[in-house]
Amino acid sequence: MDILGLVPSFGNILFTVGAFVVALSIIVAVHEFGHYIVGRWTGIHAEVFSLGFGPVLLSRVDRHGTRWQLSALPFGGYVKFLGDANAASGVDPQILQDLDEATLRRTMHGAPLWARAATVAAGPAFNFVLSILVFAGVLFFRGEAIDPPTIGTLKTMPAEAMELRPGDEIAAIDGTPTPDFPALFEAITALPPKAVVDYTIRRDGAEQVVQGPYPFPPVIDALQPGSAAMDAGLKIGDVVLSVDGQPVAAFRQLQEIVRASGGGEMLLKVWRDGEEMEFSLAPRRVDLPLPEGGFETRLLIGMTGGLLFTPETRMPGVLASLEAGTTQVYFIARSSLSGIYHMVTGAISSCNLRGPIGIAETSGAMASQGTQSFIWFIAVLSTAVGLMNLFPIPVLDGGHLVFHAYEAIVGKPPSDRVLSVFMSLGLAVILTFMVFALGNDILCP
Numbered sequence: 000m001d002i003l004g005l006v007p008s009f010g011n012i013l014f015t016v017g018a019f020v021v022a023l024s025i026i027v028a029v030h031e032f033g034h035y036i037v038g039r040w041t042g043i044h045a046e047v048f049s050l051g052f053g054p055v056l057l058s059r060v061d062r063h064g065t066r067w068q069l070s071a072l073p074f075g076g077y078v079k080f081l082g083d084a085n086a087a088s089g090v091d092p093q094i095l096q097d098l099d100e101a102t103l104r105r106t107m108h109g110a111p112l113w114a115r116a117a118t119v120a121a122g123p124a125f126n127f128v129l130s131i132l133v134f135a136g137v138l139f140f141r142g143e144a145i146d147p148p149t150i151g152t153l154k155t156m157p158a159e160a161m162e163l164r165p166g167d168e169i170a171a172i173d174g175t176p177t178p179d180f181p182a183l184f185e186a187i188t189a190l191p192p193k194a195v196v197d198y199t200i201r202r203d204g205a206e207q208v209v210q211g212p213y214p215f216p217p218v219i220d221a222l223q224p225g226s227a228a229m230d231a232g233l234k235i236g237d238v239v240l241s242v243d244g245q246p247v248a249a250f251r252q253l254q255e256i257v258r259a260s261g262g263g264e265m266l267l268k269v270w271r272d273g274e275e276m277e278f279s280l281a282p283r284r285v286d287l288p289l290p291e292g293g294f295e296t297r298l299l300i301g302m303t304g305g306l307l308f309t310p311e312t313r314m315p316g317v318l319a320s321l322e323a324g325t326t327q328v329y330f331i332a333r334s335s336l337s338g339i340y341h342m343v344t345g346a347i348s349s350c351n352l353r354g355p356i357g358i359a360e361t362s363g364a365m366a367s368q369g370t371q372s373f374i375w376f377i378a379v380l381s382t383a384v385g386l387m388n389l390f391p392i393p394v395l396d397g398g399h400l401v402f403h404a405y406e407a408i409v410g411k412p413p414s415d416r417v418l419s420v421f422m423s424l425g426l427a428v429i430l431t432f433m434v435f436a437l438g439n440d441i442l443c444p
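Going by numbering that gives the first Met the number 0, the first residue of the sequence shown is number 0, and it counts up by one from there.
Relax, there's no trap hidden among the hints.
In silico PhoX-like links for lysine-lysine, alpha-carbon gap of 25 Å or less:
#1 K268 <-> K154
#2 K154 <-> K193
#3 K268 <-> K234
#4 K79 <-> K411
#5 K193 <-> K268
#6 K193 <-> K234
#7 K234 <-> K154
If you're looking for bench data, these hints aren't it; they were derived computationally from the structure. Since we're looking at a predicted model, the values are computed, not measured.
Model the full structure from these sequences, guided by the hints.
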């Protein structure tokens with residue numbers, strides 16, 4: 000066995016696991032901090048705040064009497080409140096019956112209903128807040144493009160026909176005026192693919208016509224984790240020159256070729272850092288969420304493109320960024336619920352549901368594409384975790400909220416026996432769900 004040959008693969012595995020642990024730890028820490036801080040605000044005392052499970056590696060007790068600890072198994076976390084029998088907030092009757100009224104009020108089980116409900120709901124709520132802030136922050140610092148369309152930086156491409164420069168204002172494309180970005184995209188949509196395009200630009204106060212590549216070139220801006228393109232070894236920044244010998248000048252040509260391929264193997268000639276390389280891959284069928292709801296199944300190789308240039312930008316307003324971040328969270332949550340519904344009804348493949356292995360692979364893939372991609376992924380995953388915890392399944396936060404709603408309506412909580420039965424059923428559902436998702440990680444392409 001070639002032991003040295005395993006080193007790169009082992010390094011990739013460590014990187015993937017490390018990225019997954021970092022992403023999960025951030026999301027869990029925010030989720031559990033939501034429970035902790037709202038519990039404290041509502042008068043419920045937290046005895047332990049643990050990031051991870053198992054043997055304790057580090058710990059300290061703060062001035063409020065809460066033990067903060069880091070445990071050996073970094074795949075979750077919990078807050079143990081006063082009166083809890085365990086990390087799952089089970090009732091400890093023996094402890095509760097020995098407490099005086101003032102101390103009982105500081106437990107999760109002796110606090111008023113509103114305080115308990117708020118503390119439970121705070122975990123998912125903090126996940127959503129984290130996602131909104133991350134999305135808003137990325138959008139804020141990325142900025143919004145200014146009009147008229149102005150070149151900030153140009154993509155690296157073969158040097159032929161590249162007469163554009165940073166700072167050029169694009170006034171027209173092949174004679175079609177482009178006073179703003181909507182007009183620019185309309186012009187590109189109407190423009191047939193070709194290798195060389197005439198750009199009317201304003202440079203140093205003067206207007207002139209220069210030549211450049213197609214404005215939406217076949218350059219890889221991003222790769223989808225687990226896609227055919229990523230598995231084949233393609234990289235961000237690669238320029239696709241041809242597919243099966245057919246020259247490609249525009250990204251949409253590449254999309255059309257993929258759609259017409261029927262899923263068969265194709266050979267891509269790619270320009271990378273001045274060298275030409277060849278990659279063989281086959282498109283895969285992917286279920287994509289639609290903006291208006293529902294899904295569309297398409298053949299994809301898993302790459303996205305963009306404009307020939309990164310536009311000059313200005314910082315948007317804070318409120319506009321927060322609104323955009325909230326819209327993004329809403330879209331992810333709606334698409335996730337729609338995806339579950341369509342999987343249950345058989346409208347799309349159940350392979351869209353991934354487990355820990357798939358999430359870990361995605362974590363590593365997004366981390367490999369840069370810090371911004373990884374941070375964006377953390378926000379997406381945080382939204383998913385917050386949404387999942389709101390499902391009305393006992394053991395999850397949503398299940399506890401259902402019990403609290405029952406108590407609010409009936410005037411008393413369910414009996415300990417009923418709670419025990421429902422908790423067991425909820426645990427069985429969660430374990431079945433996890434086994435199914437893990438099976439998808441192993442068996443699905």
